[in-house]
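There are 2 protein chains.
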Amino acid sequence: MSFGFKLTGTERGGARTGILTTGHGDVETPAFMPVGTQATVKSLSPDDLRAAGTQIILANTYHLHLRPGEALIKEAGGIHRFMSWPGPILTDSGGYQVFSLADLRKISFDGVSFRSHIDGSSRHLTPESVIDIQLDIGSDIMMVLDHCAEYPCSRETAAEAVARTTQWAERSLAPYGPRVTRDGYERVIFAIVQGSVFEDLRERSARELTSLDFPGYAIGGLSVGESKKDLYGVAAFTAKLLPEDKPRYLMGVGFPEDLVEAVARGIDMFDCVMPTRNARNGTVFTSRGRVILKNSSNRDDFGPLDPDCDCYTCRNYSRAYLRHLFMAGEMLGPRLATVHSIRFYLHLMEEMRQVIKEDLFSQWRKEFYEKYGKSDG
Amino acid sequence: MSFGFKLTGTERGGARTGILTTGHGDVETPAFMPVGTQATVKSLSPDDLRAAGTQIILANTYHLHLRPGEALIKEAGGIHRFMSWPGPILTDSGGYQVFSLADLRKISFDGVSFRSHIDGSSRHLTPESVIDIQLDIGSDIMMVLDHCAEYPCSRETAAEAVARTTQWAERSLAPYGPRVTRDGYERVIFAIVQGSVFEDLRERSARELTSLDFPGYAIGGLSVGESKKDLYGVAAFTAKLLPEDKPRYLMGVGFPEDLVEAVARGIDMFDCVMPTRNARNGTVFTSRGRVILKNSSNRDDFGPLDPDCDCYTCRNYSRAYLRHLFMAGEMLGPRLATVHSIRFYLHLMEEMRQVIKEDLFSQWRKEFYEKYGKSDG
Chain A
1 MSFGFKLTGT ERGGARTGIL TTGHGDVETP AFMPVGTQAT VKSLSPDDLR AAGTQIILAN
61 TYHLHLRPGE ALIKEAGGIH RFMSWPGPIL TDSGGYQVFS LADLRKISFD GVSFRSHIDG
121 SSRHLTPESV IDIQLDIGSD IMMVLDHCAE YPCSRETAAE AVARTTQWAE RSLAPYGPRV
181 TRDGYERVIF AIVQGSVFED LRERSARELT SLDFPGYAIG GLSVGESKKD LYGVAAFTAK
241 LLPEDKPRYL MGVGFPEDLV EAVARGIDMF DCVMPTRNAR NGTVFTSRGR VILKNSSNRD
301 DFGPLDPDCD CYTCRNYSRA YLRHLFMAGE MLGPRLATVH SIRFYLHLME EMRQVIKEDL
361 FSQWRKEFYE KYGKSDG
Chain B
1001 MSFGFKLTGT ERGGARTGIL TTGHGDVETP AFMPVGTQAT VKSLSPDDLR AAGTQIILAN
1061 TYHLHLRPGE ALIKEAGGIH RFMSWPGPIL TDSGGYQVFS LADLRKISFD GVSFRSHIDG
1121 SSRHLTPESV IDIQLDIGSD IMMVLDHCAE YPCSRETAAE AVARTTQWAE RSLAPYGPRV
1181 TRDGYERVIF AIVQGSVFED LRERSARELT SLDFPGYAIG GLSVGESKKD LYGVAAFTAK
1241 LLPEDKPRYL MGVGFPEDLV EAVARGIDMF DCVMPTRNAR NGTVFTSRGR VILKNSSNRD
1301 DFGPLDPDCD CYTCRNYSRA YLRHLFMAGE MLGPRLATVH SIRFYLHLME EMRQVIKEDL
1361 FSQWRKEFYE KYGKSDG
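Here the protein sequences line up with chains A and B, keeping their order. Going by the working numbering, the first sequence opens with residue 1, and the numbers climb by one from there. Going by the working numbering, the second sequence opens with residue 1001, and the numbers climb by one from there.
Treat the hints as calculated values from the structure; they're not laboratory data. It should be emphasised that the depicted structure is a prediction, and the values quoted were computed from it without experimental measurement. Wrong hints could be hidden among the right ones.
The list that follows gives simulated cross-link-like pairs (lysine-lysine, BS3-like), each with its CA atoms no further than 25 Å apart [stated by the list, open to error]:
hint: 1; chain 1: B; residue 1: Lys1074; chain 2: A; residue 2: Lys294
hint: 2; chain 1: B; residue 1: Lys1294; chain 2: A; residue 2: Lys74
hint: 3; chain 1: B; residue 1: Lys1042; chain 2: A; residue 2: Lys42
hint: 4; chain 1: B; residue 1: Lys1042; chain 2: A; residue 2: Lys294
hint: 5; chain 1: A; residue 1: Lys42; chain 2: B; residue 2: Lys1294
hint: 6; chain 1: B; residue 1: Lys1240; chain 2: B; residue 2: Lys1228
Looking at chain A on its own, in the form it has when it is part of the complex (with noise of 0.2 Å):
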């Protein structure tokens, strides 16, 4: 089974729907996908998952390659098996979290050689090496692995994090090129576009990663700190710099309305922890805006969450129960607010992908700020 993406449906304002074809199944775009970092999206288990509509969801290559290893998960059947969800599953390459997480960090033009922030062990990984990785992972796309410059940064470090991340993602075609089919299934590697918010270094990216011709892109080095401004700007200028028939992928974004904002402007995918982290913490995404769940407005409140709401916990709970499991710091807790939040992501997106096709996505998305605004977070 091989890797494609079809258009679907391009609004005027430039939204588009589409359906990306992976071996482990299609998913439509434009697609959020849950956050697994270690084989597992914090507290849910792949029913919920399914329940709430995930179509594909992210695991990490840093964390699974530092525990328990991708030996491990190999001899495992690979990741589908190991954690027993049968969907597709996209792996971020690793650069990211050995910039954020690693002690010692050193970087080269080889490679980054680090100690592991879990036992401290000398690793270091090549662009090579993180897709040797990412094959025993078994994971349907792939990330090259980028250099993501700190922000803010100097002209030059960007512009060296953008000649570093070309020079990587021409290595990490070399061994096997953008596609590599192993066990019948297909799997593809993605190029990261990087240039901080310096626009003829994100043009200079993608002319050089686009000539590689990967079969998908993303756009990294936003959701680091900048301004909505320059998150939204920068993300509609790199996008227009991408080829249309391909999948684009904005890492690590974000909030409700910075998914509504970027589908706008024409991305298809959409991975970020803010919903499953959030809910953890007991602040959950609701059609009405952010809710916190301890505040004292819920004690008494035996309504649901969100009204508009189809998940589990909106149909079987109230506000009072769930504030009740966070003040007796109760583990149903963050898992029935994960459900809600995740489910409200992708229903938010099953809504963006309806209003596209009917051509309705300006109107729509002035509805979505009129309910959404009045968050009583």
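Position chain B against the provided structure of chain A, taking the given hints into account.
What follows is chain B alone, placed relative to chain A:
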């Protein structure tokens, strides 16, 4: 809908099967009640509980009185609706928790005064108020406030606890009698036999309480540190003192082998935090004995936790994945382990009900130990 108990079979050794009828459904006995102290069985949703074969759960009056308070639960429409568990619920009276958890406990013949372990507030519980609290909570089976003496204790201390427990049991009947109908459901009160390991005191306690004609009887004051010999001996001795046509509930017991031995001695109902608490810490019960998930022997074991188990965890995950979740501190680990351990306990009860009906209990018991003895824990 009214409460009832019907014996459906008695094995020659004394083990028995029955059906407990409550306003929220029937319970086949012998039955194990997963513990949902704070109106949630830690880490599990009601759907998980049902899938594991749960018939009835236990919640705790002491904890719910302190947080969120019975008034809120009543306002929510009762505990069944509050926690979204439509099946039968038994509430422990809180006597045991007052004696084991609360600070500055002061006991009198009127009741117990103590400070909340949550916020230090002063509280006072009486046999009458404990029934009112349980009526507000809305459980199907309420327990009397009892005096559970510590172990070991002197004859005098045990005798005083027996006398107080009888007095309090009488007072708990005064306001409404042993059967109270509210919202169309009949709720009932069970008494608790005390007497520590002193047979004559157990006899006195049982005689005094059975003369009050409660709809069911519990055996309290066990599983508090005594030997297995005493646990089984006192349970057997006390069970024989109780009316044959009333359910017999052995509180706070126990290990799988304890359930087998107590069923053999004529016990019908059990509750224990063991399967849930141990599972959260990574120790699970299986048909081959206890398994410590973090043990390195599980590192590359791609087989299921328990080859004889039909639970969600055993059907979908390997020991290697479960170990990974525990090593990585992932919340799904405790949850999947709890699903299994609860299913193991409930399946054990199902098996016992079956073999009692077929009068094959003693043979089955031998086979159980042949398998279960082989523990890798």
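Results of checking the hints against the structure:
With a CA separation close to 20 Å, the supplied pair Lys1074 (chain B) and Lys294 (chain A) stays within the 25 Å bound. A C-alpha spacing of about 20 Å is found between Lys1294 (chain B) and Lys74 (chain A), which places the hinted pair at or below 25 Å, so the restraint holds. Between Lys1042 (chain B) and Lys42 (chain A) the alpha-carbon distance is near 16 Å, which keeps this suggested pair within the 25 Å criterion. Proposed proximity of Lys1042 (chain B) and Lys294 (chain A) is supported: the alpha carbons are some 19 Å apart, at most 25 Å.
Distance check on the hinted pair: Lys42 (chain A) and Lys1294 (chain B) sit about 19 Å apart at the alpha-carbon level, within 25 Å; holds. Distance restraint check for Lys1240 (chain B) and Lys1228 (chain B): the Cα-Cα separation of roughly 18 Å lies within the 25 Å cut-off, and the hinted pair is therefore satisfied.
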